[in-house]
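*Asks:* Listed below, chain by chain, are the residues.
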Amino acid sequence: MASELFPKLITLLAFTTLGTAFLLIVGRDLAGQVRLLAAQSLTLAIAAAVVAAFTSSAELAGVAAVLGFLKVFVIPRVLNRAVTKIGLQPAALPYLGTPATLVVCGGLVTIAFYVMAPVAAANPLPTAEAIPIAFAGVFIGFFVMVNRRRALTQILGFLMLENSIFLLVLLTTYGVPFIVEMGVFLDVLVAVLIMEVFVYRIKENFDSIEVDRLGRLRG
Amino acid sequence: MSLIALLLIPLIGSALIMLVRSRVWFESVHTVAALVGLAAGLMTAARVWQGEVPTAIGGLLRADGLSALMVVVITLLGAIAALYGLGYIRTEYDDTRLSSVRSFFGLFHLFIFTMLLAVTTDNLGIMWVAIEGTTLATAFLVNLHDTPRSLEAAYKYLILSSVGIALAFIGTALLYYAGASRAGEIAVNWTSLKDAASSLNPQVVRLAFAFIVVGYGTKAGLAPMHTWLPDAHSEAPAPISALMSGVLLNVGLYALMRFKVVVDIAVGAHFAGRWLLGIGLLSLAVAAVFLIVPRNYKRMLAYSSVEHIGVICMGLGFGGYWGVLGALLHVINHALSKSLLFLLSGNILLKYQTTDIRRVRGLLRASPLTACAFAAGTFALLGLPPFGPFMSEFLIFRAGVENGSVWVVILGVALLAVIFAGMLGSVNRMLYGEPPEKMEPGDVLTWSLAPLVVNFALLLVLGLTFPDTIAAALEQALRVLGVSHA
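The listed protein sequences correspond, in order, to chains A and B.
Take 182 as the starting number for the first sequence in my numbering and just add one per residue.
Take 4 as the starting number for the second sequence in my numbering and just add one per residue.
Hints were generated in silico from the structure; no laboratory data involved.
Careful, some of the hints might be misleading.
[Unchecked claim] DEER-style ranges, computed between Cβ atoms:
1. B:His488 to A:Leu186: 56 to 66 Å
2. B:Met21 to A:Lys266: 21 to 31 Å
3. B:Arg432 to A:Val247: 53 to 63 Å
4. A:Arg258 to B:Ala453: 42 to 52 Å
5. A:Leu204 to B:Val409: 53 to 63 Å
[To be verified] In silico lysine-lysine, DSBU-like type, Cα no more than 35 Å apart, as pairs:
6. B:Lys159 to A:Lys266
7. A:Lys384 to B:Lys197
8. A:Lys266 to A:Lys384
We put the beta carbon where it would ideally sit given N, CA and C, even for glycine.
The task is simple: from the sequences and hints, build the whole structure.
*Replies:* In structure tokens, the structure reads:
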């Protein structure tokens with residue numbers, strides 16, 4: 182019974198993370214986007230916990246706990262601080278409008294399924310079915326980064342990309358070893374803190390956090 | 004034990020610098036850490052060259068012939084840049100800007116630490132963490148001058164490099180998965196992955212390598228993922244540019260080399276070789292376009308790094324004994340000559356206060372010592388005899404001809420000729436002419452240039468002779484890469 186339920190539950194959770202990524206694309210205000218990121222991270226932590234329970238892996242349970250603490254509490258708090266300091270303003274400023282964006286993302290999902298289907302088929306794990314979904318999340322994270330002008334939304338895109346990679350690794354291999362996962366978390370945390378500082382400096386120097394204004398270095 | 008010491012020295016150095024707020028303290032800790040680090044690096048390498056494979060922390064750290072080569076390059080050029088950096092930072096920042104001084108010295112050693120960790124770990128996941136760590140350690144260093152330009156460069160560098168190598172993590176995880184189903188839990192180690200390589204699912208391996216090329220290729224500055232490089236390398240302070248261009252790019256290449264060994268066993272040498280040839284040639288072409296008439300001498304040096312990393316990739320792509328030997332030699336030669344030129348560019352910048360080639364005139368009269376060294380360094384970099392790069396480029400293209408890729412060689416050499424003409428012309432314009440009127444003749448930082456004698460000496464040694472010790476060291480690295488003398 183449990184073993185039948187497990188892959189379905191995982192697929193459902195994977196779809197939920199992809200759904201939050203789509204909501205981020207159409208979202209408009211920064212605070213709401215930070216909440217979406219936290220929600221995605223929470224889904225991810227639950228997915229990791231489910232896999233940990235299914236495989237009775239203490240290591241993975243630890244990873245799930247650290248992930249939950251770091252990405253559901255610490256990082257959203259850091260980002261919220263940045264949002265408050267910069268002031269609430271419409272966040273989106275995408276290059277493409279919502280309908281076009283959705284079309285592109287739909288295309289990206291299709292491509293993701295096409296590329297990852299052989300890998301998923303060759304994978305013996307019960308979670309394999311959801312691998313293309315996670316990979317679609319990677320693509321969409323990328324797209325958010327290139328489609329948004331605000332430095333802060335680029336950071337959100339980066340974190341969603343990172344989340345999708347975590348999910349992808351979880352589904353293909355039940356997670357990389359504990360020490361590596363901890364190292365990756367440390368890197369992500371430090372990266373976000375550094376990016377936050379740069380967002381402040383860009384705001385001070387350019388009086389805006391639109392990446393468009395950064396165009397002095399050419400040739 | 005020596006491996007742990009090697010990694011602890013820069014880490015402790017960095018921590019000590021962050022603790023106290025005294026300039027004398029920063030400078031002394033910095034110098035000691037750089038020199039002791041060099042000694043530890045040479046000692047570690049010496050042990051490897053005697054045939055040992057030192058390991059530590061249950062095999063997490065491991066140094067073979069290829070690691071030893073990289074450790075020597077990192078610690079040697081780290082020490083040279085560190086010694087030059089003392090004078091450079093003293094000229095650039097007075098005592099009112101001690102926090103910048105501290106950031107420089109502290110992050111400098113953190114940067115060295117992350118690079119050393121990347122090349123001395125057997126765990127491919129830890130290697131990834133360390134390489135992402137190099138980006139984080141250098142982000143503030145790129146922005147040390149804190150101008151809008153350097154801020155832009157640092158932000159782009161941080162975002163592009165992080166996203167780029169996030170892809171490498173997917174590749175690593177896919178290979179881990181391919182290995183884990185064969186070799187069990189430890190398969191994220193390079194050694195166990197290599198042992199299991201012949202039984203890996205080729206389809207997964209091919210997909211994984213595509214991610215790895217794009218990912219670590221971003222870090223190595225290969226086109227078309229090179230776009231952050233000219234910005235970051237030109238805005239960073241000279242000693243950091245020297246290390247980023249001369250050494251850090253090699254760490255990205257090192258990661259590619261490690262994976263290539265596994266992929267070659269799993270799917271045959273042609274697959275990875277073709278990728279590297281294509282991307283190497285593309286890098287050469289992109290560099291050539293920007294080097295026809297460069298306007299900024301630091302950006303010129305940065306694009307030249309794209310070119311040379313491309314040449315190294317071509318060497319790996321041609322493969323065979325001579326191709327890979329040429330690639331490894333070129334790693335050393337490029338590191339020596341590029342760090343030399345970036346350090347000298349610091350002297351030019353301090354003297355002229357501009358990076359614009361058109362505004363640097365009469366360098367030979369204004370700063371004769373810097374000018375002569377810069378000219379000689381450029382000759383070395385452009386592959387003129389009697390310097391080392393001539394030999395390594397010759398070996399690489401010879402390997403290409405032997406391999407039957409004559410057209411690739413012709414295209415490569417033609418692009419090199421374009422670059423040669425563009426760079427030589429620009430450097431000539433800087434050297435001759437009348438210096439600006441109010442400029443006092445005389446070099447800045449003459450004594451800081453003393454360590455560069457080491458670069459010149461080694462470039463000449465590698466160009467004119469081929470000492471047995473270096474040959475033996477390279478032989479060991481070649482064996483790690485799965486190439487032996489046919």
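*Asks:* If a hint holds in the structure, say so; if it doesn't, say that too.
*Replies:* Here is what the structure says about each hint:
Take histidine 488 (chain B) and leucine 186 (chain A): their Cβ atoms lie about 59 Å apart, and the range 56 to 66 Å holds. Evaluation of the 21 to 31 Å hint for methionine 21 (chain B) and lysine 266 (chain A) yields a pass: the beta carbon distance comes to about 25 Å. Take arginine 432 (chain B) and valine 247 (chain A): their Cβ atoms lie about 56 Å apart, and the range 53 to 63 Å holds. A beta carbon spacing of about 50 Å between arginine 258 (chain A) and alanine 453 (chain B) agrees with the range 42 to 52 Å that was offered as a hint.
Leucine 204 (chain A) and valine 409 (chain B) have their C-beta atoms about 55 Å apart, which keeps the hinted 53 to 63 Å range intact. Between lysine 159 (chain B) and lysine 266 (chain A) the alpha-carbon distance is near 22 Å, which keeps this suggested pair within the 35 Å criterion. For the suggested pair lysine 384 (chain A) and lysine 197 (chain B), the alpha carbons sit about 48 Å apart, so the restraint of at most 35 Å is broken. Annotation: proposed proximity of lysine 266 (chain A) to lysine 384 (chain A) holds, straight-line Cα distance about 10 Å (limit 35 Å).
Checked against the numbered hints above, the structure breaks only hint 7 and satisfies the rest.
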